[in-house]
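Can you make the complete structure from the sequences, with help from the hints?
So the protein lines, in turn, are chains A and B. For the first sequence, our numbering assigns the number 1 to the initial residue and increments by one for each residue that follows. For the second sequence, our numbering assigns the number 565 to the initial residue and increments by one for each residue that follows.
Be aware that a few hints might be false.
[What the hints assert, rightly or not] A partial selection of chain B residues facing chain A, derived with a Cβ cut-off under 10 Å:
{"no.": "1", "residue": "602"}
{"no.": "2", "residue": "603"}
{"no.": "3", "residue": "606"}
{"no.": "4", "residue": "608"}
{"no.": "5", "residue": "609"}
{"no.": "6", "residue": "610"}
{"no.": "7", "residue": "613"}
{"no.": "8", "residue": "615"}
{"no.": "9", "residue": "618"}
{"no.": "10", "residue": "621"}
{"no.": "11", "residue": "632"}
These aren't lab readings, by the way, just hints derived from the structure by calculation. All C-beta atoms in this analysis are idealised placements derived from N, C-alpha and C, irrespective of residue type, glycine included.
Residues per chain, in single letters:
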Amino acid sequence: MHYPEAQPRPSIFYDYRIHPFTRPPELAGAASTAPVVIVGAGPIGMLTALNLARFGVASILLEAELQVSNGSRAIVLTRRSMEILQQAGVAAPFLAKGLQWSRGRSFYRGREVYQMEMPHDPDDRFLPGLNIQQQYIEEFLVDAIAATELVDFRWGSIVTGLAQDNQGVTLRVDTPEGEYDLRSDWVVAADGGRSAIRRLMGLRMEGRSYPGSFVIADIRADLGLPTERLCFFDPAWNPGNNVLVHREPDGIWRLDFRLPDGETAEAALDPALLAQRIEAILDMIGRKVPWELDWATVYSANTLTLPDYVPGRVAFVGDAAHLLPIFGVRGANTGFQDADALAWRLALVARGAAPATLLRSYSEERVQAAREICDEAGKSTRFMSPPSTGFRQMRDAVLSFTLSENFCKELLHWRTSRAHTYEHSALNAFPDHDQAFAGGMPLGAPLRNIRLGEDDYLYDHLGSGFHLLAFAGAEGPDEALDDTLRAAAEAPVPVRRILVVPQALVGVEAEEILVDDTGHIARKFAARAGAAYLIRPDTHVSARWPQATAAMLREAIAIACGHA
Amino acid sequence: MREKVTMIPKILTTAQLETVYDLLAEALDAVPETQRLLYLAKLSLALANLVGDPGKVASAVVASQRDLA
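This is how it looks when you write it as structure tokens:
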């Protein structure tokens, strides 16, 4: 019998709500097959469920606990994550609650040695970072799921067994009222870094783990500092190590520091020692103010990934698929991109509108992305947490230079999580036509947001499913583009048509018409009249043509749906 | 028998090498022993930047590793 904690977790800023376990029909002996079962209702599992629902596919969502995340955990969402949440229709509460930011400052020996200004284009709706505690991330997703009919949310349900065959997967589920078997066509493993599904399937991750442990501690304190990322290298109270400070909503601050080598997590979380170090950090930033601890934990850095995210009928997402370093906010933000990449494909496959092989491209794209991240974030990790004497010596050399020279300062900035370009995706089509563009977004790239006017951006005009972004001249679409627009409407999968025209037109059929009187949109897409972009449901470009035709669009849609 | 190695090219004149030799020796002497490793790490990084060619830096790294003992 599984007995999840039934008391709300303690917190000084967040009121945990208990979501009671309710008896599912399977406990009364009902046997049915669900199209999709998602294991784990963290941010990534919930986003997957929400996106599947958006594409019309029902799922059962299993969560071992009865309440949201223990502690603030993932606190920084990137611009790309916000775009993904906007597509899922849930961005509003995040914007209302979160703190947006774009700058970081790094200090060494009491001097500010580096300012990191993360890129922000006037065409972007969201700033590069948004700080919000994971409790809120999960709460907002729970609320959004409650508003759909298509997700059967089962709290207090833990998976203890898994068997799969060619037709589907049978999960053994333990609950406060007993065990049952749950049969599904597909399983999504979103059960986090210590994934039970990964363990039950005997899968091993590839890559490396880094020595060195870090403490994160959330405190409530009135620091009176703006929303920026602060980094202190080699402070006097913690020689050779570093301290990160992030602002969170509700007057909470995240303190993050590396432990002296050899110190255990148990020792580091000793209340007296932790308090002493928090005092030292407040002293270091010149804010000796009263504080109260909310939550603390210890983590270490890994660059690990499964080599295949879809072994059989189980698809892995988020930390269940990969363990990535905290530097560059890689965890939840990479997971959101996984969920975004998986959901539309799984929806098409579950509905029988695409072959199961479409999921291969999910694994290929996202394993490749994880490997790139391991490579990039590995570099950052070796700087932030030197794994050996040599790395420490070179890190110290760079820090020493920052006081008097500029040439190596960029090494103080770890690369931030970004949207990946799936340039080698099997779903990309017509590479020769792609090459004919002088600019714009290449094959596999994420669709760029474009500012259309006051509080009005291109992403605000997207729906679910594929999009055809077509560009017409002043006279409207020519015959070839007209045929292409009609082919989009008649496609076997939903394709929303967005027609960009230089001036208002009447009698043109498209779901959206954007009047581009300044030519700004056309310039950003390097598009002349007759051009078109095919955008996948996860807003990545899968084909583009300077002169689109209906036949090429039909072929590109078939390729993007895995029919090639 | 020694393995055949690819030697780095001689670029400085002998007179220039002698000048650099003295400069480096005096600089090493001027740095307290506890800071010498940090100093050499900084010097390597600064020289690598001025050389402007990661391949040349790599060949210097390999060349300097030989016959340390």
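Now the hints, each set against the structure:
A least Cβ separation of about 6 Å between residue 602(B) and chain A falls short of the 10 Å threshold, and the interface hint therefore holds. The interface hint given for residue 603(B) holds, since its Cβ lies 9 Å from the closest Cβ of chain A, which is under the 10 Å cut-off. Among the interface hints, the one on residue 606(B) holds; its C-beta lies about 4 Å from the nearest C-beta in chain A, closer than the 10 Å criterion. Checking residue 608(B) against chain A by beta carbon gives a least distance of about 8 Å; that is within 10 Å, so the hint holds.
Because the closest C-beta pair between residue 609(B) and chain A is about 5 Å apart, less than 10 Å, the hint holds. The closest approach between the C-beta of residue 610(B) and any C-beta of chain A is roughly 8 Å, which is under the 10 Å cut-off, so the hint is satisfied. The interface hint given for residue 613(B) is met, as the beta carbon of that residue sits about 5 Å from the closest beta carbon of chain A, less than 10 Å. A distance limit of 10 Å between C-beta atoms decides the matter here; for residue 615(B) the minimum to chain A is near 12 Å, and the interface restraint is violated.
Because the beta carbon of residue 618(B) sits about 14 Å from the nearest beta carbon in chain A, more than 10 Å, this interface hint is broken. Taking 10 Å as the C-beta cut-off, the interface hint given for residue 621(B) is violated, the closest approach to chain A being about 13 Å. With a cut of 10 Å, the hint placing residue 632(B) at the interface with chain A is violated, because the nearest CB-to-CB distance is about 14 Å.
Figure legend: structure checked against the earlier numbered hints; hints not met, in rising order: 8, 9, 10 and 11.
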